[in-house]
Amino acid sequence: MMRDRISASLLVIAATLAAGSAAWAQDKTVKIGSLSDQSGLYSDVGGPGSTLAAQMAAEDSGLTAKGWKIDVISGDHQNKPDVGANIARQWFDVDKVDVIVDVPNSGVGLAVNNVVKEKNGVYINSGAGSSDLTNAQCSPNTVHWTYDTYDLAYGTGTALTKAGGDSWFFLTADYAFGAALERDTTNALKVAGGKVLGSVKHPLNTADFSSFLLQAQSSGAKVIGLANAGGDTSNAIKQAAEFGISKNQKMAALLLFITDVKAIGLELAQGLNFTETFYWDMNDGTRAFSKRFAARMKNNSPPTMVHAGVYAGLLHYFKALEAMGGNSHDGAKIVAKMKEMPTDDPLFGKGTIQPNGRKIHPSYLFEVKKPSESKAPWDYYKLVATIPADQAFTPLDKSTCPLLKK
Amino acid sequence: MSINLQALSAQLLVGLINGSFYALLSLGLAVIFGMLNIINFAHGALYMMGAFVAYFLLNLAGIGYWPALILAPFIVGIFGMILERTMLQWIASLDHLYGLLLTFGLALIIQGVFQNYFGSSGLPYAIPDALKGGINLGFMFLPVYRGWVVIFSLVVCIATWFLIERTRLGAYLRAATENPTLVRAFGINVPLMITLTYGLGVGLAALAGVLSAPINQVRPLMGADLIIVVFAVVVIGGMGSIMGSIITGFTLGIIEGLTKYFYPEASNTVVFVLMVLVLLVKPSGLTGRTA
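In order, the protein sequences belong to chains U and B.
In this text, residue positions in the first sequence follow the working numbering: the first is -9, and each later residue adds one.
In this text, residue positions in the second sequence follow the working numbering: the first is 2, and each later residue adds one.
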C-alpha cells in the first residue's frame, strides 16, 4: 500500500515535471536587451546601431514566421559600470530580458558579466575589448563574440614589431580596457622581439593629448601604441600629426573603428595599420548586410565590427534556441548549446565558440587607404594580412578561465 | 622621478595653449555673469556650435577658416541674442537658479539635436594652410597653429577687458548692471545693451569653438566635456571678474599641464581639487568681489 502511494506520488511529480518542460518547450518568446553607450564617445561604435543590428537579427532569423515573439529593448549605461550593472539587474528582474548584447567599455562589460552570471541569463558581448572576459573572469553564461585585446595586440603588435618597430611607448586609457590592451600588446611584442620603453595613462575621454604625445616623443620609441579607443584614438592621431610626431615615429592604433577613420579623415589616417575582425567591404555577404544596415542608420553609416558582432551573435543564439525547440530561459544551458553548435553567418563566416566563451574567427590586419585610393564614401581599408582563426585569439591552453579546469 | 627640463618646458607651453581655451571660455562666462547675472550653462553648447558653424561654412559654402573666425561668432552670437530676447530676459530678475536650469536645459537640447544628426565621433576640420607646420624651439616642436591660438586668444582677452573696463561703452554697461533704472533715465537703451552683451559673451564661446575645430574634432559633446572645467576656472577666478577669469584660465592650463607631466592620472581632477581649496579659503574666488 505504502509503496503504491509512493509510486503514485512519484508519477505525479514526474508528470508535473514533464508538463513543466513541455511548457518551456513551447515558450517561444525572447527579449533582447541592447545595452550600450547611447550618447557618449562609444555611441557611434555601438549605441543605436547595435539596437538596429539586434532588430535586423530578429527579423532575419525567420523565427517570427514560425510563431516566435522577439522583442528588442535598449539601455544607456553612460560608460558607468554601476549604471550598467543596475540596468542589467532591472532587465532580468523586472523586464524579464533573456539576453544582453553589445556592452562596449570593458569596465561596464565586466560588471554586467557578473550580473548575467548571477541571474543565469545569456550575455553576447560584442563591444568590450578586455580579454579577461574569457580568461580570469569567464562565465558559463557569456560568449565574447567580436574581438578582444589579445586579438588586437597579436595582430597589430606582432606585425609592426616584425616590420622593424621594435621599441614601443604606450598611451593608455586609464581603465580596464586600456590596461588589458597594454598588457596583451606588451606580451605579443616581446614574443616578436620588441621592447617597451615606457607608458603614460591618460583619463578616458581626453580632448588634448599634446602633453602625453610629447612624453611619447621624448622617449624615442619607434612605435607609439595607442591603447585606447573611439574619440581618444582619433584625437591622439590627429594631434600627433600636428606635432610632427607621425613623421619620425609610427603611430599604432591598437583599436580603430571605421567611424574613427572618418572622424580623423583619410588625409591624416592614411597608412595606419590596425586589426579588426569585420569590414563592410569584405565579400558579397558583408556588402549585402551593410547596404541594408546603412539604409536604416540615421546617417547612412555602414556597420562597425561591433554592430556586425551583435547581429551575428544573435543569429547564432536564435539557431541554438530553435534547435532546443523553445526558450528555456536557462542562460547557462543555452550558452552550452551555442558552444556545441558550429557557427556560420554571412559576416564572420564559419567559426566556433571555445569552452571559455571565446568566439573564434579570422582576424584581419588592415591599412587605411590614401585619399586617392578611396573610390566611394566609407571606402577606407585595404587588407594587408589575414590572421587565421586558430592564431587570432588566446590559445586554449594559455587561457586562465576557471571553467576549463573542470 | 627625475625632472627633464626640456620635457618640463614643453609641458608648460602645452599648458599655456590649453589655458587659452579656458581663458576665452571663462571670459565669456564672466562677461555674461558680471553684466547679466546669468550663470550660462549653455556656454559649452554654444562653443560647440561655433565649431560646427565653421564646419558648415567650409563644407556647404566653401568659406574657409579666416572668414569663419569672424562669421561663426557672429552667427552664433545672433543665435544667442535670440535666446536672450525670447527666454533669458524674462527670468533676469529671478534667482540665479532659474537661469542656471534654463540654460542647462537649452544646452541639453542643442547638444541632443546635433548628436541626433552627427553622432558622437566627430568631423574633421583641417588646419588652414597658412598655419600648417611647426617651429623647432629646441626643447619642443611647436605647431604654428598652437602658437597662433595662444597669441590670438591673448589679444582677444585683453581687447575684451579693455572694452569693458576702459571704454565709455563698458562704463555704461557696468553702470547698467549696478542700477538699470537710473541708466535708462539717461536715455540709454539698457535691454538692447544687455542683449548685445549676451551676444558678445556667446560670440566669445563660438570663437573658442572655431579656434579649437582644427585641433580637436568637431563633435556634439566637445563643449559638454570642457564646460565643467571652465566653470571650475570661473569659480576659482571669482565669478564676474574679467581679469580674474583671464589670468585663472591661463594659470590653470599650466597647472594642468604640469600635472600631466608629474601624475597624468590626476590631470582631469586637479582643477577641481584646486576649486575646493579655493572655496574653503576664499569663497568669493581669488579675485572675486564679495557678493
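It is worth saying that the hints were derived from the structure and are not from the lab.
Quick reminder that beta carbons are idealized off the backbone N, C-alpha and C, glycines included.
A couple of the hints might just be wrong.
As the list claims (entries may be wrong) - Only part of the chain B face toward chain U is listed, based on derived beta-carbon distances under 10 Å:
| # | residue |
| --- | --- |
| 1 | Asn137 |
| 2 | Gly139 |
| 3 | Glu266 |
To be verified - Quick look at which bits of chain U chain B covers, simulated, 3 or more residues with Cβ under 8 Å:
| # | region |
| --- | --- |
| 4 | 121 to 128 |
| 5 | 180 to 194 |
| 6 | 219 to 228 |
Do the hints match the structure? See the list:
{"no.": "1", "hint": "Asn137", "verdict": "holds, 9 Å"}
{"no.": "2", "hint": "Gly139", "verdict": "violated, 13 Å"}
{"no.": "3", "hint": "Glu266", "verdict": "holds, 5 Å"}
{"no.": "4", "hint": "121 to 128", "verdict": "violated (count 0)"}
{"no.": "5", "hint": "180 to 194", "verdict": "holds (count 4)"}
{"no.": "6", "hint": "219 to 228", "verdict": "holds (count 5)"}
Checked against the numbered hints above, the structure breaks hints 2, 4 and satisfies the rest.
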